[in-house]
Structures are given as structure tokens and as C-alpha cells.
Amino acid sequence: WLSVHWTVGGVGDASRGIYTTSAAGLDKHLPISDYCRSMYTSLVILIAVVACTAAAPADEPIPIVSQNQEGPNPDGSYKWSYETGNGIKANEEGHLEEVGTDNEAMKAEGGFSYSSDDGQAISLTYVADKNGFQPVGAHLPTTPEIPPLILKALEWNAAHPSKEDENQV
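Each residue of the sequence shown is one higher than the one before, counting from 272 in the numbering used here.
Among the clues, some could well be false.
Within a straight-line C-alpha distance of at most 35 Å, the following computed DSBU-like cross-link-like pairs (lysine-lysine) qualify [claimed, not checked]:
#: 1; residue 1: Lys360; residue 2: Lys401
#: 2; residue 1: Lys378; residue 2: Lys360
#: 3; residue 1: Lys350; residue 2: Lys360
#: 4; residue 1: Lys423; residue 2: Lys401
#: 5; residue 1: Lys378; residue 2: Lys401
#: 6; residue 1: Lys350; residue 2: Lys401
#: 7; residue 1: Lys423; residue 2: Lys434
#: 8; residue 1: Lys350; residue 2: Lys378
Label-pair distances were calculated between CB atoms; the ranges are [to be verified]:
#: 9; residue 1: Val315; residue 2: Ile417; range: 29 to 39 Å
#: 10; residue 1: Phe404; residue 2: Ala325; range: 37 to 47 Å
#: 11; residue 1: Ile421; residue 2: Pro345; range: 19 to 29 Å
#: 12; residue 1: Trp427; residue 2: Ser337; range: 52 to 62 Å
To be clear, the hints were calculated from the coordinates, so they are not data collected in a lab.
In this text, a Cβ means the ideal position worked out from N, Cα and C, and glycines have one as well.
Between the sequences and the hints, there should be enough to build the whole structure, so can you do that?
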């Protein structure tokens, strides 16, 4: 193809036109700004990503092996559990504590287990009540033990309060 570029008044890209040859003769193409070119490129990339995502094979659905649910009951209690075909298990029981008092609160106890990507068995049990969510699991990080010398210093400080501590309210 033959391309002929022309500029009116030498003003730059805004006044530049492009002619290309075709079977019908010369065709004029208007200049495209960098912003439009960038938006067009982004649109083409977005369409390509959406097309690839839509063409990806869908994961096989994981069957529910068992599922039980009781409640919510009139007293606020409930119970549920399930197990899936890939080994995930979960359960929870809940009920109201200190019913009829200002301290009435819901208490839930439960747990779940599954296999991590590297095959490690992950199991967690928990209690959730007025004291917050309290998880327990071997995989959870724990706080390190206090070194013996620090523990001894803390005990000494507790047994020998300073005068500043006595004056504080």
C-alpha cells in the first residue's frame, strides 16, 4: 500500500492527515490521539481477557455428602453440619446464655476441617461468645514463651511497685 502523509501549517499531530491507497483510490484517515489509541488498546486487551476467561473450562462441582440443620428454634438455639465430597467438614451449635438478663448473649461452638493444598490436615475448633471469637488449631500461630529472665523481672516489678505506680490513679 502507498501511504502519503500531509501536514497543514506544520501545527503537529492535530493537523496531520494520512492518505492510503485502496481499490477505490485514495482514502483519507483522520489522526488518532494517543489517548484514543491507549483506550482502544485497553479495550482490545479487556475483550481478550474476557474471552479467555469465558473459554476456560469450568471446575467440576463438589458434591455435598451430608448436610443437617436444626433450628433456629424458639429458644434461639440452632445446630448445623455438612461434609463435602472433597473432605471439607464443618459444624456449629449455638444457644442463648444468661437468658432474660442484661448479659444475655449468643454462644456458638463449632469447627471445621479440610486438607490444605500441600495435603496437610487443617482442623480448627472455636467458641464465639460475649468474650469474642476464640479459635483453637495446631496450624495457628502461637505467642512465644516469655524468656525466664524477663519473667523474673516482671515478677520482681509486680512485687516491688515504685512510688510513681502508687501515686497513679
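Against the structure, the hints come out as follows:
no.: 1; hint: Lys360 / Lys401; result: 26 Å, holds
no.: 2; hint: Lys378 / Lys360; result: 20 Å, holds
no.: 3; hint: Lys350 / Lys360; result: 14 Å, holds
no.: 4; hint: Lys423 / Lys401; result: 33 Å, holds
no.: 5; hint: Lys378 / Lys401; result: 7 Å, holds
no.: 6; hint: Lys350 / Lys401; result: 19 Å, holds
no.: 7; hint: Lys423 / Lys434; result: 20 Å, holds
no.: 8; hint: Lys350 / Lys378; result: 12 Å, holds
no.: 9; hint: Val315 / Ile417: 29 to 39 Å; result: 60 Å, violated
no.: 10; hint: Phe404 / Ala325: 37 to 47 Å; result: 39 Å, holds
no.: 11; hint: Ile421 / Pro345: 19 to 29 Å; result: 53 Å, violated
no.: 12; hint: Trp427 / Ser337: 52 to 62 Å; result: 57 Å, holds
Hint violations for this structure: numbers 9, 11, all remaining hints satisfied.
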